[in-house]
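Student: Protein sequence lines, in the order shown, are assigned to chains A and B. If you read the first sequence in our numbering, its first letter stands for residue 1, the second for the next number, and so on. If you read the second sequence in our numbering, its first letter stands for residue 1, the second for the next number, and so on.
Since the hints were made in silico from the structure, they are not lab data. Take the hints with a grain of salt, since some may be wrong.
Unchecked claim - Covered, in the sense of this in silico footprint (three residues per stretch, anywhere, with C-beta under 8 Å from a C-beta of chain B), are these stretches of chain A:
no.	stretch
1	63-77
2	92-104
Said to hold, decoys possible - Going by beta-carbon spacing under 8 Å, a handful of chain A positions derived as facing chain B:
no.	residue
3	L53
4	G57
5	S60
6	V125
7	L149
8	P150
9	C167
10	P177
11	D181
12	E183
Said to hold, decoys possible - One-sided and incomplete, this derived list gives chain B residues near chain A with beta-carbon spacing under 8 Å:
no.	residue
13	D6
14	V66
15	T207
16	Q240
Even for Gly, the Cβ is constructed at its ideal location relative to N, Cα and C.
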Amino acid sequence: MTQSEPVETFLNALLAMDRVAAKRTLEGSTAADARLDVVERLVVPSLERIGDLWERGEVSLSQVYMSGRMCEEMVDAILPPSDPGRVDQPPMAIAVLDDYHLLGKRMVYSVLRASGYELKDYGTVDGEALVSRVVRDGIVVLLISVLMLPSALHIKTVREALDRAGCRPFILVGGAPFRFDTELWREVGADAMAATAAEGVAVVRKLLDHLPKEYRS
Amino acid sequence: MLYTDDGPPNAGRPMIRTPEQIRALEPPQVADSPCLVKVLEATRGLKAAGGEETPIIGVVMSPFSVPVMQMGFEPYLNLMFEQPDLFERLMRLNEAFCIQWANAQLAAGATAICYFDPISSSTIVSPEHFRRTGLQVAMRTLAAINGPVAMHFASGRCMPILDDLPRTGAAVIGVSMLDDLAALKQRTAGKMALLGNLNGIEMRRWTPQQAEAQVRAAIAAAGHGGGFILSDNHGEIPYQVPEDTLLAISEAVHRWGTYPLDISRESPSAQPLKDPRS
Numbered sequence: 001m002t003q004s005e006p007v008e009t010f011l012n013a014l015l016a017m018d019r020v021a022a023k024r025t026l027e028g029s030t031a032a033d034a035r036l037d038v039v040e041r042l043v044v045p046s047l048e049r050i051g052d053l054w055e056r057g058e059v060s061l062s063q064v065y066m067s068g069r070m071c072e073e074m075v076d077a078i079l080p081p082s083d084p085g086r087v088d089q090p091p092m093a094i095a096v097l098d099d100y101h102l103l104g105k106r107m108v109y110s111v112l113r114a115s116g117y118e119l120k121d122y123g124t125v126d127g128e129a130l131v132s133r134v135v136r137d138g139i140v141v142l143l144i145s146v147l148m149l150p151s152a153l154h155i156k157t158v159r160e161a162l163d164r165a166g167c168r169p170f171i172l173v174g175g176a177p178f179r180f181d182t183e184l185w186r187e188v189g190a191d192a193m194a195a196t197a198a199e200g201v202a203v204v205r206k207l208l209d210h211l212p213k214e215y216r217s
Numbered sequence: 001m002l003y004t005d006d007g008p009p010n011a012g013r014p015m016i017r018t019p020e021q022i023r024a025l026e027p028p029q030v031a032d033s034p035c036l037v038k039v040l041e042a043t044r045g046l047k048a049a050g051g052e053e054t055p056i057i058g059v060v061m062s063p064f065s066v067p068v069m070q071m072g073f074e075p076y077l078n079l080m081f082e083q084p085d086l087f088e089r090l091m092r093l094n095e096a097f098c099i100q101w102a103n104a105q106l107a108a109g110a111t112a113i114c115y116f117d118p119i120s121s122s123t124i125v126s127p128e129h130f131r132r133t134g135l136q137v138a139m140r141t142l143a144a145i146n147g148p149v150a151m152h153f154a155s156g157r158c159m160p161i162l163d164d165l166p167r168t169g170a171a172v173i174g175v176s177m178l179d180d181l182a183a184l185k186q187r188t189a190g191k192m193a194l195l196g197n198l199n200g201i202e203m204r205r206w207t208p209q210q211a212e213a214q215v216r217a218a219i220a221a222a223g224h225g226g227g228f229i230l231s232d233n234h235g236e237i238p239y240q241v242p243e244d245t246l247l248a249i250s251e252a253v254h255r256w257g258t259y260p261l262d263i264s265r266e267s268p269s270a271q272p273l274k275d276p277r278s
């Protein structure tokens, strides 16, 4: 069996929304010392591939969503939220700005948790509430999801208010306006954008790899 | 509803909190809804002012897509995949309202109806799932609408389901900038007209020259032989797009979109603005 075969098997089970087959692939590797390893070896690459396939128009958002949700459930079973085997990380949070379209946020949340991270879910918030929660919780990585252009533009106000409060989290943005205008994230004062949930995980992982130790939990 | 000064209203908190509520729902009546009556009054006023010269496009949300606002996207996907009986009931309720609302707008003077159905797009559900669900809903609904209909995917892709779309009865499809406009044209010529596919979000930063290049490329890709309506690809141009850009688009349409077209089919596609992540 080649190294990529388990990933293919797991990926196909996810796209077929076949929980049993997906779980069977993961279960071969759940020894205590290998739990995070299986996430890195199987879950993360599979979700990255699914994100790429969606961006190329080869799979649908409903498949991306269901894959993320299934992975989140399976990873929660082998690595509960308080498990020390989860990723060592600083406080992170995710929010939807001025909108009740929550699916994009839900997918990023699932894929991050399925990749071993923990983050606070602020749900739908306006700019003022978001700023006060980020300051209160000492958030170091803030993910903001939007659907409509005005909400995307309001991120600039959030960044300015955070600056005034002396708070400088890394802001990662995502959502339709950023996919249709790839310059927009810079304009609103974000530090990065992600076109898919899996790309969001890649950005967070790269950031944390380079983050000084004092920022970690 | 959520209101903002710098954009159109947005859907507020979903009103269906649990799938079980669907069992007790009834479709609303247009005549009982003051905001819908107001839209009909506006349509009648436009018809009186524009007569037969100016087309008036009425708008409905597809019964298959409106549950994203009725119950939230995630609960709706869960309903679709896990509770097919309640999904089917919600479709029948929404179809009854959608038909009533479309026909009321046509009776008030609308020339055609734009049926917004982003969930049917291959960006959101797989082609196989669409054939079992969104396609069936569209076929039933459009068959009962008493006028021409454009089916719009609100910037979602439709290339993988293109061959299914004539069965809906739609005369026009609203297409995405994510799909290849020339390839769409090639496959729909003589069957359905195309509506699209300028990038309204990026349009905010276009220079007049870029606006002209985008218009010219779209007309080169889809204008030959007729059956093309130039538009943005989402069904909404943001308030932030400068008027000068809209005027530049209009001038470019008059320059390049007058038949017979003075533009080659082989004209290179206008490229989107650079991807700063690369």
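Student: Please go over all the hints and tell whether each is borne out by the structure.
Tutor: Outcome of the hint check:
A stretch counts as covered by a chain when three or more of its residues have a beta carbon under 8 Å from one of that chain; for the stretch 63-77 of chain A and chain B the count is 3, and the coverage holds. With 6 residues having a beta carbon nearer than 8 Å to a beta carbon of chain B, the stretch 92-104 of chain A meets the requirement of three or more and the stated coverage holds. Because the smallest distance between the Cβ of L53 of chain A and any Cβ of chain B comes to about 11 Å, over 8 Å, the interface hint for this residue is violated. This hint holds: G57 of chain A has a C-beta 5 Å from the nearest C-beta of chain B, less than the 8 Å allowed.
A cut of 8 Å between beta carbons decides the hint on S60 of chain A: the least distance to chain B is about 5 Å, and the hint holds. For V125 of chain A, the shortest C-beta to C-beta distance to chain B is roughly 12 Å, which exceeds 8 Å, and the interface hint is violated. Checking L149 of chain A against chain B by beta carbon gives a least distance of about 5 Å; that is within 8 Å, so the hint holds. With 8 Å as the threshold, the beta carbon of P150 of chain A comes within range of chain B, its nearest partner Cβ sitting at about 4 Å, so the hint holds.
This hint is violated: C167 of chain A has a C-beta 25 Å from the nearest C-beta of chain B, more than the 8 Å allowed. Given hint, P177 of chain A at the interface with chain B, holds; its Cβ is 5 Å from that chain's nearest Cβ, closer than 8 Å. Contact between D181 of chain A and chain B, as hinted, is supported at the beta carbon level, the nearest pair being about 5 Å apart and thus within 8 Å. A hinted interface residue such as E183 of chain A counts as satisfied when its beta carbon comes closer than 8 Å to some beta carbon of chain B; here the least separation is about 6 Å, so the hint holds.
Given the 8 Å rule on beta carbons, the hint for D6 of chain B holds: about 5 Å separates it from the nearest Cβ of chain A. At a threshold of 8 Å, the smallest CB-CB gap from V66 of chain B to chain A is about 13 Å, leaving the interface hint violated. A cut of 8 Å between beta carbons decides the hint on T207 of chain B: the least distance to chain A is about 14 Å, and the hint is violated. Nearest Cβ of chain A to the Cβ of Q240 of chain B: about 7 Å, under the 8 Å cut. The hint holds.
The structure is inconsistent with the numbered hints 3, 6, 9, 14, 15, although it conforms to all the rest.
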